[in-house]
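Asks: Produce the entire structure from the sequences given, and follow the hints as far as they go.
Residue numbers (the UniProt record's numbering), protein chains in the order written: chain Y, 1 to 538; chain F, 1 to 272.
Certain hints may be false.
[What the hints assert, rightly or not] Below, a list of computed lysine to aspartate or glutamate pairs in the EDC-like style, where the Cα atoms sit at most 20 Å apart:
| # | chain 1 | residue 1 | chain 2 | residue 2 |
| --- | --- | --- | --- | --- |
| 1 | Y | Lys-513 | Y | Asp-527 |
| 2 | Y | Lys-372 | F | Glu-174 |
| 3 | Y | Lys-385 | F | Glu-174 |
Hints are computed from structural coordinates only; laboratory data are not their basis.
One letter stands for each residue in the lines below.
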Amino acid sequence: MDNLLKIKNLNIEGFYEDRWQPIVHNINLELKRGEVLGLIGESGAGKSTIGLAAMGYTRQGCRIASGSINIEGIELYDASEEDLRLVRGSKIAYVAQSAAASFNPSHRVINQYVEAPVQHGLMAYDEAEKEAIDIYRRLFLPTPETIGLRYPHELSGGQLQRAMVAMAMSCKPDIIVFDEPTTALDVTTQIEVLAAVKEITETMNKAALYITHDLAVVAQVANRIMVLRNGRLVEEGETRQLIKKPKEAYTRELLNVRNLRQEKSISDKMDVILKVRDLKATYTGRENVLEDIDLDVRKGRTVALVGESGSGKSTLARVITGLLPAICGSINFLGQEIPLDFKTRDKDTLRRLQMIYQMPDTALNPRQTVRKIIGRPLKFYFGIKGREAEERIRELLTKIELDPDTYIDRLATELSGGEKQRICIARALAARPDLIICDEVTSALDQLVGEGILDLLQDLQNKTNISYLFITHDLATVKAIADKIVIMLEGRIIEQGDKKEVLTPPHHEYTDKLLASVPEMDPDWLDNLLDKRLSTFI
Amino acid sequence: MIKLLRQSPLSARIGMGILLFNVFLALFASVIAPYEETSVVGDVWESFSGNFFLGTDHIGRDLFSRMIYGARNTVALAFVTTVLSFLIGSSLGFIAAVKGGWVDQMLSRIIDAIMAFPTLIFALMILSVVGSSIPTLITTIAILDSTRVYRLSRAVAMDIEVMEFVEAARLRGEGLWWIISQEILPNAIPPLMAEFGLRFCFVFLFIASLSFLGLGLQPPLADWGGMVRENAGAITFGIYTPLIPAAAIACLTVGVNLIVDWLLHLSSGLQD
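Replies: Laid out in structure tokens, this is it:
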């Protein structure tokens, strides 16, 4: 087989701090027909940059410094804009992470599909429409004949992502670059997209670059994997071999199955610090988004709240904190009935119940320094100021494993994602809370950074006996940190219990589906799962 | 700040030059001006000469001196008015955004009602009822102008208000003052600063047009708008006198706008 894509000695530079600095170093890459190459690494590893460079494109402020990019004999490195335009779309196409943002909301899905091939003069409008329906069918979209007539907002996230894949196929390119196509999706919808990717590469004999940070996902679709770090190649190999016998320490670290928690027993005798009964909540006043929520959190323990997006788990956090007052029910915190609206709660209750958010970028005021962010709760709740406050801030920074001298005067904007999240934790800790609600605290972070945060939370719990209500959609995280699991679906709790109890069969039907959808580090996992689903379907 | 100034483009520097020059004239008017603001020193509409750099006006006052005093009256007045309108507009806007609910509804509907009248006509109406003095002039224009500031501050604050750090502050139990002054204001400064420059221009043109209509600064005080009106008749005789204050107005407007452009670029983070 000949090589469709050949990248040689690729170097890419980015312009920052007033000069050009290398961000991708000497990458060599070959891609054959029918092959899927997985590019994996944390953010900043240069994987998207390489993916875009394969199309002869760089983001603003970047340039291809040297090297050769060859698609079927056409050199892209110094090609003119005109030549590049001919190659893009027809030879190589790109599928972005967020399909919802890539569709024009005011045109029907099929019209957006048809646009490119008609523009390129490849086929007539009717013909293109027929092709679209054919591809929709092959990607397992429901009612392929009519689904294209819908507007983008009438499709679910997983369907949109597949429609996006279909659109990338419209000019019949030989190579497709998938840039984190499932990162924004739930585990259950992720499977649909992965199946579609497999369909394209295997039965339609296309080649693909698959970019992701999740090794378990890439193991399902890729034949070969390249592990990248800081713009350099760490390791490359056949999927099975790389997963079985990784050579480099970094790859092993990515592969490590997380298990942080020592088993802790939960007994009924332990203090219940949060007791929620019969909560109902609504946004509109007509439909309830939460129904009959009963929930207990015990001292020094972690309760994981699991569900797909839209299951109401973040809403529950807002209801417990009082930001969205429940319409009925009761919240008992530390043995006291507390008001449902946070505005009528006293200062001490507010102090004892803290929250950490999903997006550390928006959770910290960009115009405040670390000193002010952490110092404020100290002053506000305890009246600590001056030298004493300075000492406490330094103490807290040491607790969250950041060097006080380097960080205390930084602005929130001068921190990385993981550091920001640590500062959020310090801000919560400064109030000396009894319960912290963690809303998807690791999902915006890279795998290893996120694990660092989980480690830290775990460590703090062991030392201070704090309780967590941990909201997440990531079951791997749940397995790693929870004592008790609560599973939510459509605003109701459908199953709850000790971790072991919930994770061992027999499960609730939905729990079963959720658990089965988490990719495992096994290249055959997706095939087996799809076979199984197909057989039960027939 | 100094680093920022050093990186400023040529256009912004020209703008700053014009503005600083005007401020300088305004501050030291009595020292620089060769004659008194209101004293009659020559013939009517004398031409440029060594005695009178820019000639004399319609009753024989030195135009150069009046231009300098005019800078003081016009620029200082416009500055005070703009500051006042920002104080009123942005504090109300922030309160509306943070409080929401009926407070927001009430404030916004009142502002809508005020904005429904054409500004100039509204101002003429008020000034002809209460009479035109410097305090009434400042208050009237500041209140009318604060409606625009309110709209902008409310919109900017709304965007910031939904951020989680504001939510975190609320959950901490912080009061309205802390949320506005510590969480919202520092993040709203760039767009407000750009708007400040723009508003300053409008206010100053507004005063000029009110003066032209006879309801702004009252004679014999010198202000550029009024000077255009007083000398307007001269244009029919081919005398340049009214064009000089008009040119000064145009020049200052352009200058301030050049600065505003630069600030807008900075605050929006656009390159080029």
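Asks: Could you tell me which of the numbered hints above are not met by this structure, giving the numbers in increasing order?
Replies: none
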